[in-house]
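Visitor: Chains as they are written, first to last, in my numbering: chain H, 1 to 434; chain V, 1 to 439.
In case anyone wonders, no lab produced these hints; they're calculated from the structure.
Where is the CB? At the ideal position from N, CA and C, for every residue including glycine.
Each hint should be verified, as a subset may be incorrect.
Partial list, computed: chain V residues near chain H (C-beta under 8 angstroms) [what the hints assert, rightly or not]:
| # | residue |
| --- | --- |
| 1 | Ser-170 |
| 2 | Leu-221 |
| 3 | Thr-400 |
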Amino acid sequence: MKKKKALDKIRVADFTWWGVGPYVTKLLGSMGAEVIRIESMERIDPIRFAPPMKPGQFSVNTSGYWNNFNPNKLSITLNLAREKGIEIAKKLIMRSDIVADNFTPRVMPKLGLGYEKILEMKPSLILLSMPVMGRGGPRSNFSAFGHQIAGLAGLNAISGFPGRPPSGTGNALSDFGINPYQASTALLAALHYRNKTGKGQFIELAQYEATTCVLEAAILDYTVNKRIQGPMGNRHLHAAPHGAYRCKDEERWTLNIRLTEQEKKALSPYLGDPPWAEERWCAIAVFTDEEWRGFCGAVGNPSWTEDRKFSTLSKRKENEDELDAHIEAWSRERTPEEVMHLLQKNGVAAGVIQNSEDLMEKDTHLKEREFYQVREHPEMGPVTYDGLQFKFSETPGEIERAPLMGEHNEYVYGKILGMPEEEINQYTVDGIFM
Amino acid sequence: MDSEKALGDIRILDLAGPMGLYCTKLLADLGADVIKIEKPGGDPSRWMGPFFHDDPHPEKSLYWFNLNTNKRSITLNLETVDGRKIFKKLLKTADLLIETFPPGYLEKKGLGYSMMKEINPGLIMTSITPFGQTGPYKNYRAYDIVGVAMGGLMFFGGSPEDPPNQPGASQGYHAAGLSASEASLIALHHKDMTGEGQYIDVSMQESVANCLMWTMPFYDLRKAITTRDGRCVTSPRPFPRISMAWYDLFPCKDGWVVGHGVAGAFSGGLEAWDKLIDWMDSEDMAGDLVEDEWRVLAEQLGDAAYLHTLMVSDPEGFTNMVAKKDHIDRIIGNFLMTKTKLEIYDTVQPWRIPTTVIQTIKDVVKDPQLEARQFFVEVEHPELNATVTYPGMPYRLSETPAKIRRRAPLIGEHNQEIYESELGLSPTELAGFKAGGVI
Chain H
1 MKKKKALDKI RVADFTWWGV GPYVTKLLGS MGAEVIRIES MERIDPIRFA PPMKPGQFSV
61 NTSGYWNNFN PNKLSITLNL AREKGIEIAK KLIMRSDIVA DNFTPRVMPK LGLGYEKILE
121 MKPSLILLSM PVMGRGGPRS NFSAFGHQIA GLAGLNAISG FPGRPPSGTG NALSDFGINP
181 YQASTALLAA LHYRNKTGKG QFIELAQYEA TTCVLEAAIL DYTVNKRIQG PMGNRHLHAA
241 PHGAYRCKDE ERWTLNIRLT EQEKKALSPY LGDPPWAEER WCAIAVFTDE EWRGFCGAVG
301 NPSWTEDRKF STLSKRKENE DELDAHIEAW SRERTPEEVM HLLQKNGVAA GVIQNSEDLM
361 EKDTHLKERE FYQVREHPEM GPVTYDGLQF KFSETPGEIE RAPLMGEHNE YVYGKILGMP
421 EEEINQYTVD GIFM
Chain V
1 MDSEKALGDI RILDLAGPMG LYCTKLLADL GADVIKIEKP GGDPSRWMGP FFHDDPHPEK
61 SLYWFNLNTN KRSITLNLET VDGRKIFKKL LKTADLLIET FPPGYLEKKG LGYSMMKEIN
121 PGLIMTSITP FGQTGPYKNY RAYDIVGVAM GGLMFFGGSP EDPPNQPGAS QGYHAAGLSA
181 SEASLIALHH KDMTGEGQYI DVSMQESVAN CLMWTMPFYD LRKAITTRDG RCVTSPRPFP
241 RISMAWYDLF PCKDGWVVGH GVAGAFSGGL EAWDKLIDWM DSEDMAGDLV EDEWRVLAEQ
301 LGDAAYLHTL MVSDPEGFTN MVAKKDHIDR IIGNFLMTKT KLEIYDTVQP WRIPTTVIQT
361 IKDVVKDPQL EARQFFVEVE HPELNATVTY PGMPYRLSET PAKIRRRAPL IGEHNQEIYE
421 SELGLSPTEL AGFKAGGVI
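Just chain V, same shape as in the assembly (with noise of 0.2 angstroms):
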């Protein structure tokens, strides 16, 4: 056992296209050894572009570059007798089986869980769908896009004025991969303590229904419904954010800055405030928020209780506290407007008003922070002469540090390390499978 994996003696299948790819590549970042079954002649995960060079090749796809490091490949055609018989022997070594086919495909198969559990009683087998195995829909089909549309974080991201907005790369896919992991691991943590396998069927629907913020409390509680807005965190309809001064997104010299408050109970309170005021006033750009008063009224904008009580205490005092919200943006807007968006993010953080910038990915990979902590690593490509700059570890663990140790695998690249090494099957057998179409 290699003590500095955390999952370094488990052995996970995987039969997962793009809505489980990120699950496997978690679990085999943190040590598990990931065996990618494809079919001959490649997954077809692999004509995902971009590609490397934007050469279109199946050797060359980032997008599965990025979602198959640490994994090993074999090629196994499922929908053969030999190919099948070649999979259960595969079987009894697993501990985990992920996949992502259709609710059914794999009991037509023979290879249903069923089956399966005869073969290897303690396995754990993850079925990650758009809608589950069960219910209605359950034979729907759906690509990220329907996922984010049908769970519901699709109606309310963007602004009135444009459609409806998918969030950028596949958030659904994520949602869904990721409950599999956490699932998968949780069942594993049951089978360490009582020898117990099971059968976990994950939703994509449902996972990103389970991202929606405060959207479901607060149709449950107020029948109000959360639309699209503009804003980074939309409002629901009809409530308006008063909440803070400088909240939300802001444009500024060069790009564009989100902020959430300035002197709310989670900033530096009014002394960031007065910090803020200074440095407007400094360059005569503060107009009357020097004044008191809107000292007061920052500090009672930044209190929700205050706020809330107003509003059902005094209609008209709220109202007229919305109109002196939107005088102080619009003096701070405009200073901002002056700056660049790192000189705002450089100067107010250190106060504590917190606020971030909105980053380019050319922002992300030279930022600053991340090189400080080192969070890119390279990784060599021998077979196209290159070393390539991957984005690190979504977390760091003390004892067994997840990490990429190898790039993703080559179409079949394990075949011969598996199938003789490991299952025993002659050269001569192989190569009759090869020239079968089983592997």
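Okay, chain H solo, but in the shape it has when bound (with noise of 0.2 angstroms):
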């Protein structure tokens, strides 16, 4: 019997590029909806361009950035700057559920795809445009992209650490997690909605009001006690220990790269020279009584512990800085893995700060759990997805690998659109399928 999908059914003309669009579409991709990938010749995501890319690959099909967000989708390739193409793409939404697209405002009204009058053609649709800035105000055309909109948002103001610069979470986090959740979230509590009275809308996410979203108290903190916010470190109001301890390095002569003798050779004077040290770091939560006491039993019980300047969380508050010191002459001479075993044996929250190859190749609980997926590409080999962060009871999602530029228009055109072949490749050597 075929595997129930969740999201049958449901088909998305999906207009979207660079991170945060691509990453709703995943998603609903990933749970068993049709998303078709809008994408032109004349107009690539830049995406398709980025690293990483294996050595010697170099197509519009091989950055493994592009591919790792673009899974279960089809692709086509349709021209928005003739006419004819943005006809065409007219009789797509009218076959589909949900339209998406994460340009600046004046895009879609631009190409005559103002989300006014495709509701009117098909007023069950669901539309979803994720402006960075939101439609009107009067920084309504700016433009930024993730990790930009963050320290828009203020994210980065309470990152980081006191009186450093203010560099964020080191990714662009709202393009990848917080807004394409959000936008799923709202996109599917619409589709609901849909079920119910059979009534679509419109969806409007502005990026940097959703990142301000999930800030947890910080702006109630301003509006009520007038107190900014600034960075923590990696402390916490109401624990102690808390933070990153540094544990035993690990020495490598050799970094498991893969790259080409002139890459290595053009990136020479950023390797430096081995061994290199790989600093390890494991970290570390205490939040009630009972998990300190697990703490100190779990360390041994040495006589700091003892010490009445530990003994309760306010007294810990007032001399963290000695608790720290005390913790990481200890964890200095373990491996993360090791204290993180030993501390959640005693129940205390610890975790090693893992890299993305702890995370691929050591961590057997992701291993075991089968959350990283290998999908063949033609060109490619062999490429590993991020797995699904939800596990379904009755409609587990899976990871499809992503489609080639273009791979899909025969179906998309042909089958879907019911173009016969002569039409398809006239538009095809016009140049309105490239």
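Starting from the two chains in their separate frames, assemble the complex, guided by the hints.
Guide: Here it is as structure tokens:
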């Protein structure tokens, strides 16, 4: 029997590009929606050229970055700079349930695909638009990328260490997590509403606004208490110890990195000399008295743990630097894995600060849960995808490899839109399908 | 049915701690009837600061206020037999149950999914845990910092001189909660179509591991490890970030700006470059960047395909390019130091140079863009004699707008409404349960 898919029969006309939009539709695709990415050789998604690629592979299809965020999709090429292209896009929209874009607000209306018009054509459609700043307002047409949005939204101001540059999370977190999840939450709520009433609607997610929603009480702390929260390092109002603790370094003579000879030459100034010391760290968090007792037992109840200055949370907060120094003297002698297992055995929350190698190779837990998924790609060979973070008992999702550019022209134009072969060939020659 | 709420016909039982509070908040804001089940005396999350006027009190937690809007609250002790009996009654009326207990906890109480399904066959149950319901670490404990550590986000946050950094405001909890809200609604659609409920296992670690941008592809295809380098977007070692001029964090007169290239393919191109150089030149700060040579370079630096080819075909030319990029950045950087962040932001954005500023929380609250869009909302707190300004909704739905209709509930505020009016318990029964520590 064919596996049941939760979003079976839902078709998404996907006009998104870059990070945030394709991530939304990736999530829908993995749960069974038919997602059709509308691309064009005239306006290639820059992520298709973004690193990494395997050495010696360079094409619109070989970016690992692009592939990871576009599994389970179909890809067509359609030139929206041509009137005929727009006409065909409209036909596809008419056959879809969801339409998504993440352009600045001027783009879709300029293409003749403004939401009012589309909803008039098909009132049951759910439209998702994700402009950075939102429609309206003095900075409506400003543009920005995920890591910049985090800075704007205040996330960088409350991350990092006091007195240090506000470098934020080290990735475009709002694009790869926060906002795609929020956007899909809205989309799916709208889908439920449509199931009940038959009515579609327009959803606008301004990426900047949506990112300010995940700051916990930072906004209220200002509007109520006039306190401007700043970075806390790794500390927490209600916990001590709480932080990253340095463990035993790992020395490596070889960097396990895949470089061509030319790249090695080009990158030699950045490689440095062996051996490379690999810093290893473990995160530890102690909130309750019970956890503190567990912690003391785990480290062998040395005399400092009995010192009165560490006996209560408020005292540990007062003497936190000293506390951290004691703990790091202990953790520095151990691998982070040892620290984690030992503390967990004693009921203390602790976890290795894992890097990509740890995640993909060493984490036995993720392995047993079969989190990472390898799929064969026609140009790249085996490619590993991030798996799904939720397991459904009745309608499990799955990962299918990302499409080649324009791979599904024939299927979409022929089968979905019912165009005869000659017409498809003609539009291909005419540069409409490019 | 209230036609203006997307989830107006849905009832959710909320047995969630910090990992799931944002999930149920979003669903409540979208119109679901979310019943927060607190233990008698109040949920432990009520003791999370900061507090209203810094007065620590379970009815004054701003943390709680923010994450429990629109919910109703009942107190119920699941450790008692009567408590579980009442819970089962309530369960019959629910579409969704969202919980964050350690794996096996509810099962042990006789409230596992298989039992609940018998009472309510269409039930969707979403369990959010640090590591999921299966696997060797399933019983490991985690707070947010352990989630972002094990999920791979923390390793590349911050600068090499500092320890790895936990992002602010519990992004591991947010990733898990948001994954859960999405998953629950996917299951709801399936239920709409087929009537079938199901069980969903959400892992915080895996939710975080899905937020790593290009980190895993870089490891997969190149065995390169993304390491913290003090930038907003860190480069996987040893690949240097050469892609564009004015990329990432730059200090300015009163703070920081974050660039994403000047003449790249996604900015105003050379026209933008010319405007920037003219601006700098008008204050005699453009140096030799006025020369045509740099104009050509600026364009090349915006072309990822060109740079990639250069790196593999002409290592020397590539090294040279990096040095030239540094030169451009030095001159632009010196100029930015003479301007305020808003001067820079409002001047270059219309030229389509995608630059933003690092805003403090105060900047965010005072931002004219958010003000013009009426993002912030006022919420009444009659018990505190106060009107509090809240951040608005992450999205705007044209037909069924999500919104804050009501402040977070007081402890057991809806006991009477739910136990008496909806479940039909008598006042005498209620009094008995209260005395017995059940509610």
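Visitor: Enumerate the violated hints, using their earlier numbering and listing them in ascending order.
Guide: Every hint satisfied by this model.
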